[in-house]
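Put the complex together from the two separate chains, hints included.
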Amino acid sequence: MAQTSHGVGDLTFDSSKRARPPELNVFFGLILIVLVFEVLGWLLLGDSFLFNTRDSVDTLFNEQRLQIIVLQVAIVGILAVGVTQVIITGGIDLSSGSVVGATAMITMAFAQAGTLNGVDNTRAVFWDQGWVDLPVIVPIVVALLCGVTAGFINGMVIAYTKIPPFIATLGMMVSARGMAKWLTKGQPISFPTESYASIANGEIIATGWNPVIYFVIIATLFHLALKYTLYGKHTYAIGSNSEAARIAGIKVERHLVLVYSIAGLMAGIAALILTSRNLTAQTGMGVMYELDAIAMAVIGGVSLSGGRGSIIGTALGMLIFGVIISGFTFLKIDAYYQEMIKGVIIVSAVVADVWRQKRRAMQG
Amino acid sequence: MNDKIILKTEKLTKHYGGVHALQDADFELHEGEHVAIVGDNGAGKSTIVRQITGVEQRTSGKVWFDGQEVNFAGPLDSRHAGMETVYQNLALCDDLDVPSNLYLGREIIKFYLGPFSILDRKAMRVATEAALKRTAVKIPNLSNTIRHMSGGQRQCVAIARSASFASKLIIMDEPTAALGVQETGQVENIIRNLKAEGVPLILISHNLRQVFDLVDRIVVFRRGRIVASLNKNETDGQDIVQYITGVKGGLETAA
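For the record, the sequence lines run as chains F and E.
Under our numbering, the first residue of the first sequence carries the number 1, and numbering increases by one thereafter.
Under our numbering, the first residue of the second sequence carries the number 1, and numbering increases by one thereafter.
Only chain E is shown next, with the shape it has when bound in the complex (with noise of 0.2 angstroms):
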């Protein structure tokens, strides 16, 4: 594993009025490392992700991203930065068809006339089709527009997106929530070749067999806080679902 810490936070903290929805949390990310973060509803998982990508404005910590700290305005910042999201509610435009939405708000312009600018609409599906095979998506017709394609397309074309224009880290969260069994393969393939390709990658998720598939490292949210972060090698499944359900991680039990 390579030494190199791309990401890393420092009693990061957001209170949303009285509810301390993440509290003091230290996270870690290497070099091309995979890791999830699992954790019972409201224990914090999506919220330390909003407050890395500059979504919301976390209260207190710091946040150092490819060794600089970084303070986000929003999340045009963070994906300026080579960080990219794929968010639960996919964020594609379902009347565009998939080069449109792969390069939406970063269109590929031939000539240059302010708002009007005209278009390169062959270099993008150019570039287009070279993402989905990069990415090893297979969608069948680009020019199909969203609205007439299956859940699992259009999570491939959302992947796709992020992996295509990341150059230094992804976050997912929930990729697979909505899937069926074959299109979730197909995410998880996906994954697979990010991690083949060194990119880094969080991964929030619900499935622990997906998680002990995919990563390396799994890191326990409960209550706001980080509870456990175990090689995956070191641990099993009950070992994770007793630090989820706070049977087990000192802090929380003692309470």
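So that you can see chain F by itself, here it is in the shape it has in the complex (with noise of 0.2 angstroms):
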């Protein structure tokens, strides 16, 4: 409190407790990550990591590279949306790429044309039924639904049961994992309508670009939702003190049970993009994308603990993820070292959070 000054009115002013914004520590992380590639390229392979090298293309960035990046993370991200205002609640969500494999295996059964070639379709797994070349509302509509049923079911569980949302999570995770291969006993299942697949891959504004247009818009709303909006200040209420909230007359229970399905139903948007994306639904989708969309938040600056994080950070977060998967295969480095480095770094996000909270403890 050395440096504090009262002034002649009384008003005090302590510049040491105007915080600067933690994402913009995290932006100033991702510039330095992308300067490390940037000079590790020149220095290992002679070439640049993010600037266009090539006479045939006249473009100061390699274009190329930087759609890859955001691309391979979008659908992730939307997921990470979805997850930060759960983590922001204080709980967290284990379930969602599970959710992802059991509604794109869904949604995929209510997506299959009718005919391929000129030849029936008869391997359509609801063809007995004639439910084929259904109008693209009708996979959309169940994507959604199959999303927010799972959300809604973990949010009763925590909300209700007052079991920890890492359990319920756990346990939704399993389950919807069993209900992606249940339904066609392990198959994938491709061949989508036209009118599906141009989901993902029709041409918004450029095509090749839709999820990362469906990410913005995303992120977009829950940014404004979370920062203007009833719902965005009673979700830091509940992660900042759930007691003072219930208190003060928040209904914890039901807007716990509100963030969960939001969450959900992210995981239904990621598991239609997804599979409009690449025209069929595996078994496996989204294994272990849960993990990777809660590192996205917490390197983004969102706590584990509860009440901080915002979706900028998150964004932000998301961002530095497909710069170093990008950077690791332009180093070709190969995908074992990447996923061994990838722990270190979700790991060292959490570490770095939890250094945060004890210096801010030590300061307060």
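FYI, nobody ran anything at the bench for these hints, they're computed from the structure.
Subject to a maximum C-alpha distance of 30 angstroms in a straight line, what follows is the list of computed DSBU-like cross-link-like pairs (lysine-lysine): (1) E:Lys11 x E:Lys168; (2) F:Lys227 x E:Lys138; (3) E:Lys122 x F:Lys227; (4) F:Lys251 x E:Lys168; (5) E:Lys110 x F:Lys227; (6) F:Lys251 x E:Lys62; (7) E:Lys122 x F:Lys251; (8) F:Lys227 x E:Lys133; (9) E:Lys138 x F:Lys358.
The model shown is predicted, which means the values in this text are computed figures rather than measured ones.
Structure (structure tokens):
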């Protein structure tokens, strides 16, 4: 408190307590990581990571690489947005990856085409029922319903049985993965209708960017909801001090059910985009996505103890994630090493979060 | 002193299993009056507050508030009736700023969209500044989260919140127990302001100096019973201590 200055009006200003927004630190981290890859690229390969070095293309940046960076994380990014708000309430969602898998399978079954190259697609899951060539709205509604249902169950179990979110969503993670295998006994489901395929592959603004466009829309909506609405205020309040929130009259249980349902909805949307993009659904879809999503949020400064974090942070965390994966591929590092290092990054992000809190507690 | 009774309890009793935490408490509070509740640990001070505000359900007895017999099902009911409590554990959200804490659960809405209603942040901020001014609470930067504030500042925010919303009664449970000398002074000033404004107050405190400084009447609890209700001018610290410890106070000494 030594640097606190007392004015004549008895107002005080303590500059040390005007904290820099944590997102800024994450942003600097992102730039630093990009620079590291840039330098390593020149040292090891004699090539630039981010800038265009080919004469045939007339652009400043290596646009192909930029597109890969964002495209490969955009779908998991949608999960990360959902899990961000869950973590802000002080919870966790381990089920999102499995819910993506289950939703992908169920949704794809409702999205299959009736004819392939002029031949009847008799291997379609619902061929006997005649549920082929359905209007695209059907699989979309199915996907959203699947996601919301899984999230709703998570929310109800967590809010009303008071068991730790870790356990509740772990249960959902295992069950939903089973669900993914149940419909076709583990067989993949392929050949969607053209209109379904166009969800991710059609042209909205520019072809090939759809997942990113969906991510940007969703992230913007969540940013606004968390910052400017009752929903966001109560989400932060519950994560900060759920007992105080309850005393203040916030319906904590109902709000938690809503938060987890919306996280489930995000898993549904992710499954929709993922299957539409890949034109197939497999039982293993979304494996480990939940951990990637949590890692993106934590790297982005969302505190696992709840109450702190933002969508901007998570979006930056997502970019860091994308840059690291692309960077490793660029440096021709094996996928095994990539996974090992990914684990290190996740743990480091959590350690950083714990340190931040310790420092804060000492300042406070 | 105004004669209108704002709060009255009759034979208020609370048993936790076999423990008689509160026994036949008859308590009265007049309009504009500040009353202190003192007593040893476990004497029933916090227990009577919990029965009045509806945090717990009483075993037996009756409560009248503002002329009506009341049965609060929970703390929210008592708040809606115009009763505010500053809890010992503050009940603030560390990660929210001052206006958000002041308006927690009662946010001002700009545009109604159910759970996604848009907040009127500017209105809340302006109203917060006014509320802090009215209660003479000085907070350097309203946008700071509570986490970044000292214990005194936090307590001031909690009290300002109660003072801003309480229309009829404020209850404070040990508001200065964890504060330093200067911060305690600030909280005591707020209480004096409330007195000047005529807001009735129940103050639970261990600090007899503070009690004699601030309130009109002192109610002494001992072993779940009210053993004395004394006007400040008719008693002194030693007298109160004798009631607290049971040296005085017929029923208990006889037992």
